[in-house]
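Asks: Protein chains in written order, with the UniProt record's numbering: chain C, 1 to 222; chain X, 1 to 323.
Read the hints as simulated data drawn from the structure, not as lab findings. Hints are not guaranteed to be accurate.
[To be verified] Distance condition first, Cα-Cα at most 30 Å in a straight line; then the derived DSBU-like pairs of lysine-lysine: (1) K280/X <-> K312/X; (2) K212/X <-> K115/C; (3) K133/X <-> K115/C; (4) K214/C <-> K106/X.
[Said to hold, decoys possible] Okay, the calculated bits of chain X under chain C, using three or more residues with CB under 8 Å as the criterion: (5) 99-108; (6) 129-142.
The beta-carbon is built from N, C-alpha and C at its ideal position, and this holds for glycine as well.
Residue strings, one per chain:
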Amino acid sequence: MNFDTTLFLQALLHRAPGHIAEHLQLVLIPLTLAVLIAMPAGILLTRPAYRRQAERVMSVFNAGQTIPPLAVIALFFPFMGLGYGPAVLALTIYALLPIARNTVAAIASVPEEVKEAARGMGMTPGEIFFRVELPLSIPTIMTGIKTAAVLTVSTAVLAALVGGKGMGAIIFAGIHFFRFELVLAGTLYIGIMAISLERGLALLERKLTPPHLKSARRRGTI
Amino acid sequence: MIQLEQVSKTFRGSRQPAVDRITLRVKQGDICVLVGPSGCGKTTLLRMINRLVEPDDGMITVDGRSIAQMDPPTLRRTIGYVIQQVGLLPHRTIAQNIALVPELLKWPREKTARRVAALLEMMDLDPGEVGHKYPHQLSGGQAQRVGVARALAADPPIMLMDEPFAAVDPIVRVRLQDQLLRLQQTMQKTICFVTHDINEAIKLGDHLVVLKAGRMVQSGTPLDILTQPENDFVLRLLGDDRGVKILDQTRAETLMDPFADAAAQAAANGHRVQAIDPVKIALERMMLMNTDEITVCEGARPVGLLRWNAIKAHVHRISGGAS
Ligand SMILES: Nc1ncnc2c1ncn2[C@@H]1O[C@H](COP(=O)(O)OP(=O)(O)OP(=O)(O)O)[C@@H](O)[C@H]1O
Ligand SMILES: [Mg+2]
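Based on the provided sequences and hints, a complete structural model is requested.
Replies: Right, dumping it as C-alpha cells:
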C-alpha cells in the first residue's frame, strides 16, 4: 500500500476539520456531565455520613469503567436507539471513574491534623470543606479530570460507529476503504485535541492550585 | 473557670477508658498543667473542653455554663487551642494562619493585621520575614510558635495548650516559658497546659494534675506534689532531684531564722537574697561565696538568716530521710 500524499493532505485540510467541532462536543459534554456527577459524588463519599458507603459506590464506578463503551450503547439500545444521545451517555459513564476516584483520594489525603486544627479553631464543617479540604484537593482532582478528558477524546472515536459522528467518521471510513491516509489524518487530530485539552486543563489547574504547592513544585524542579 | 465533674471517655474499640472519672477545677487566671506519661489521656482530656471529643459521662462547664449546650464552633472560637501536631493550614501563609480565628469572627482587616504583627513579635518571629512564608518553609520550632500565636490571636479568655513547646530548642523553650508567665501576669487567662516534662510542669503550673492511664493520681500545687507525693509513680515522675526541685519552689523566708532583735539585724553579713527568692538561688549564692549563711531581706531590710544546716535538714525531713 503506497501513501497518497494528496489524499492525506486533502483529508487533513478539508475533510477532517469539519469533524473537530463535532468531536469536541462529544468530549466536552460527557466530560462536563461526568464532572458534575462524579465530583459531588466523590465529595459526598468523603463526608462522615456516607464514608461507609464509599467502597461500595466506588465499585459501581469501577464497573462502569470495565464495560466497553460499545456495550453500554448496546445495553441502552432498546430505550435510546443509536446516534448522538447513547454515545454521550456511554462516554459520560466512561469518564466517571477517574474523576470520582481522584476526588475521593484527594479529599481523604488532607492531613488529619490540619482538619483537626481547623475544627479546633472553630471552623464549621462547611468552612472546613470550602476553605481547607477543597483547595488542598484541587491538584489531584484536576489530575482525574485530565485523565478523563484524554480518555474521552480517544474513546469518542467509537461514537461514529453508532452514528454519533465525530472524528471517528474519518478514521472508520479510512479503515473501511483501506485508506491509511484518512486514518492518519483523523488520528493526528485526535492527538492534537487530546494534548490541547490536557494543556488547557493544566493551565486551569495552575490557576486553581494553592500557592504553597506551586512554589514546592518549582523548587522541586531546580 | 473550667470545671470537670466525673468526666469519662472510652474510645470505641478500646477496653480501657482514655479518661476515667476525672474531676477538676481550673480557676480563672490559673495555669493548670496536666502531666503524665504518653497515652495517659492528657490530649483527650484537653479536647473534651473544646468538644473535639465528647465525653461519655460527666459534665464540663465553662464559667458555670455546661458546654454540652453550646454550639461547638462558637465555643471553640472563644477557646485558644494549640494542637500537639501543630496543624498549620499548608495553603495559607503564616500571617493568614494566625489571622484564622479573627477572620472567622469577622474582625476588621486593619485590626487583624496589627494583631498578627504583634503576635509574631511576641513569639520572637520577624513579621516581615516569616509572615508571608508558608508552613512548609518553617522549622518545627518556628511552626510550633506560630501555632501558639494562632491560638492567642482572638485573645480568648481560655487557652488549651497541648505540648506547645515540645519542638523548640531548650533555650527558646525557656524564653517562651518565661514569656508565657510574664504575659499571664497581665493576660490572666485560664490555661490548661499539657506536657510530659515535669520541670516545665513545675515551672508553669499554679496547679498540677498528675495522670496515669486515664486516672487522676494526684493534684495540687507543685510544692504540694513535690513535698507529699501520693505514691511511687509520682515519686518517679518527679525525678532524682526532688530535693533540689523543692528548694526551687520554696521561698527563702520559709526556712530562715527570723532576726530576734535589732542587734542581730545590724550584725547581718553582706550576702543577701530576697525573702521571696527560691532557696535554690540562696544556695547558689552561698556556694559561690563559700559561706554557710546568707541574709534574707525584704527590699533593703534584713529580716532573717538562712543557714545551710536549715536547708539540709529541710530536704532530709521532706524526703522522709530516704537515701
Ligand atoms: N481518636 C482516638 N480513637 C481511639 N483511641 C484513641 C483516640 N485518641 C486517643 N486514643 C487513645 O486514648 C489514650 C489516650 O490518648 P491521648 O492522646 O489522650 O494520650 P496523651 O496523654 O495525650 O499522650 P501523648 O503524651 O503521647 O500525647 C491512648 O491509649 C490512645 O491510644
Ligand atoms: Mg497528647
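Asks: Given the proposed pairing of K133/X with K115/C, does the C-alpha separation stay at or below 30 Å?
Replies: 20 Å, holds
Asks: Can the stretch 99-108 of chain X be counted as covered by chain C under the rule of three residues or more with Cβ-Cβ separation shorter than 8 Å?
Replies: holds (count 3)
Asks: Is the coverage entry for the stretch 129-142 of chain X by chain C consistent with the three-residue Cβ rule at 8 Å?
Replies: holds (count 3)
Asks: Between K214/C and K106/X, does the CA-CA distance stay at or below 30 Å?
Replies: 29 Å, holds
Asks: Holds or violated: K280/X with K312/X, Cα cutoff 30 Å?
Replies: Holds. K280/X to K312/X sits at ~12 Å (cutoff 30 Å).
Asks: With a cut-off of 30 Å on the C-alpha distance, tell me whether K212/X and K115/C pass.
Replies: 28 Å, holds
Hint compliance for this structure: no hint is broken.
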